Amino acid sequence: MTPTLADPETISSKAKSPKETLKRYSGWLFVLPYLILFSLFLLTPLIYGFRLSLYKSELLSLSPPRFIGAGNYAEAFRDPYFWKAMTVTMRMMLLVTPITILTALGIAVGINSLPRKRQTFFRSAFFVPGMLTISVVGIVWRWFYSPEFGVFNAYLGAFGLRPPWLGNPAWATLAIVIMTVWWTVGGPMIILLAGLQNQPEQYLEAAALDGATAFQRFRFISLPLLRPVLLFTIILNVIGAFQIFGQTLLVTKGGPEFGTRTLVQYIYDTAFNNYRMGYASSMSWILFVVIGAFAVIQFRVLREK
Amino acid sequence: MSLERTELVVGEKRSPFLTWIAQGIMIFLALLFLMPILLIFVTGFKADAEIVRFTGILPHAPTLANFERVLQTPEEFPVFRWLLNSIFISSSVTLLVLTVDSLAAYGLARLNLPGKKWVFGLIVGTLMVPGQILLVPVYLILNRLGWLDTPLALIVPAGAGAFGVFLLHQFFVGIPRELEEAAALDGCSRLKIYWHVVLPLSRPALATLGLFTFIGSWNDFIGPLVFLDSSEKYTLPVGVAIFQSSFYTEYGLTLAASVLCTLPILIVFLLFQRNIVKGIAMTGLKD
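Chains A and B, in that order, give the protein sequences. Residues in the first sequence are numbered from 1 upward in steps of one, following this note's numbering. Residues in the second sequence are numbered from 1001 upward in steps of one, following this note's numbering.
Calculated directly from the structure, the hints in this document are not laboratory data. Being a predicted model, the structure only gives us computed values, none of them experimental. Be careful, since some hints might not be right.
[Unchecked claim] No farther apart than 27 Å at their CA atoms in a straight line, the calculated lysine-lysine pairs in the BS3-like style are these:
1) B:Lys1117 / B:Lys1192
2) A:Lys84 / A:Lys56
3) A:Lys84 / A:Lys253
4) B:Lys1278 / A:Lys253
5) B:Lys1116 / B:Lys1192
6) B:Lys1192 / A:Lys19
7) A:Lys19 / B:Lys1117
8) B:Lys1278 / A:Lys23
9) B:Lys1116 / A:Lys23
10) A:Lys117 / B:Lys1278
11) A:Lys19 / B:Lys1116
[As the list claims (entries may be wrong)] Rough simulated footprint, nothing fancy, chain B against chain A, three-plus residues with beta-carbon under 8 Å:
12) 74 to 88
13) 119 to 130
C-beta: ideal position from N, C-alpha, C; glycine also.
All chains, please: the whole structure from these sequences, using the hints.
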């Protein structure tokens, strides 16, 4: 995007009249409306949020916000609820991301093996859960998981199984993971499918002529070619998994024993139930840094190989 | 074109038996994925007694009672009002995003603006910012503006996202210069070129962005949960969640409310699934 000699506008504008210069600058008017919104509701909150994290700022307290430096960050590192929420978040991410991506990949490969005419239906079928709002998803899955009235136990009961779906932290975590995979698998599936269909045919044909089996063609040709797309979906999914909130708020309320309260939910509780805005902001920034670090590490590790 | 060749390769190596097994598994999985949605719709027509003792997917004695009750509780649960709020907010957000983002993307992609490289870099850089970390500061800013508990709180901040500017910028950059130059020679102003040349050529990208924005706004749960207070201002997703916490075990009622919340978006999806799917595929293939 650097101006090159071939760009006539760039050369001429240097020596042009004030009128031309004015015209060049006035083009910014097109960008201005967006820039106002961008500054007010993206840049400002970003900086303001960081500043806030350095203050003891409590909406319900009578004393005005007070600068405490890294005090909120220090509190977070001592706060057992923070660590609990961080552990829950990590655990969710470590379960949700691999399961979602592997399921998405499996479905994408499955759809790709079907005749093109039939693919549209399947693509939509696996994607449509993601079209629902989280509150509807929450209502349905709460009902599914209900020990007495639930659909799952109605079927599993026939085999004498009655898992306490939301009754203890381990089962509740599993329950959240299952519904999250169902809800979010469509996006990565579509991206991976497009990646598969974008691959040059020649390689696969050549391999087929050399007698490679379908599995070998996938393992040694499709999968390596898919690497950048796979990396993209994994990073996107990790960023999303770190921010799981609606599911736990609506289905488990973070329980039992805070066993499913994610970091974003703890931040929400801190800010909007206890009105401790400074402390909530510091935890937001910790989350931001953790997400950023994970993205960079993944990018390095998966790129290198 | 290339699709016959693929099938040739695949068909050559695979026995028809395996192909049938693969298709069978895919159909089974697809039905499994669709089942929860089917159940929302079907169960809304069941009486509570039948829901509580789950004996089969389809209702034995279909009834409209749940829907009637949902629509007849306007006092604390103005479902119809929530529907109107949702339509108003999502449409406004979509209009705002399309207008502001396409103007900005035109400027950044097609005009020779001094310093635009830096500004575009800054905008794209914020794509990495997870939305949740802005929740608290945006809440405080809205509080200072006096916009909390008004539709403005959900509409205006939604125009700040960088995704649309990025998407349209990438599309606008690909439009051939000659069309623009011809229009300029005819004496068209930049605003006219934007309106008569760039926008009409960008319908697919605008449609994709419009759909994503509308669906995202319609389904937004955390925004209205945090920024709105009075129940008559709620959007459907928050209204339905509140509904559920009040009619805890009345599954029929909450599912009927869920149907009303889901139906519009499913219709949008069915009408535009091609654009939606293509749009998502596009985001993944841009390296």
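So, going through the hints one by one against the coordinates:
Pair hint Lys1117 (chain B) plus Lys1192 (chain B) holds up; C-alpha atoms about 24 Å apart against a cutoff of 27 Å. Simply put, Lys84 (chain A) and Lys56 (chain A) have alpha-carbon atoms about 23 Å apart, close enough for the 27 Å limit, and the pair holds. Taken as a hint, the Lys84 (chain A) and Lys253 (chain A) pair is honoured in the structure, with Cα atoms around 15 Å apart against an allowance of 27 Å. As the CA atoms of Lys1278 (chain B) and Lys253 (chain A) are separated by approximately 36 Å, the hinted pair breaks the 27 Å bound.
Proximity of Lys1116 (chain B) to Lys1192 (chain B) is assessed by CA-CA distance (about 21 Å); at most 27 Å being required, the pair is judged to hold. For the suggested pair Lys1192 (chain B) and Lys19 (chain A), the alpha carbons sit about 20 Å apart, so the restraint of at most 27 Å is met. Restraint check for Lys19 (chain A) and Lys1117 (chain B): satisfied, since their Cα atoms lie roughly 23 Å apart, inside the 27 Å limit. Between Lys1278 (chain B) and Lys23 (chain A) the CA atoms are separated by roughly 38 Å; this puts the pair beyond 27 Å, and the hint is violated.
Taking the CA atoms of Lys1116 (chain B) and Lys23 (chain A), the gap is near 15 Å; set against the 27 Å cutoff, the hint holds. For the hint pairing Lys117 (chain A) with Lys1278 (chain B), the CA-to-CA distance comes to about 16 Å; that is within 27 Å, so the pair holds. Restraint check for Lys19 (chain A) and Lys1116 (chain B): satisfied, since their Cα atoms lie roughly 20 Å apart, inside the 27 Å limit. For the region 74 to 88 of chain A, the proposed coverage by chain B is not satisfied: 0 residues have a C-beta within less than 8 Å of a C-beta in that chain, short of the threshold of three.
Given as covered by chain B, the region 119 to 130 of chain A passes the check, having 10 residues with a CB less than 8 Å from a CB of that chain where 3 are the minimum.
Checked against the numbered hints listed earlier, the structure breaks hints 4, 8 and 12; every other hint is satisfied.
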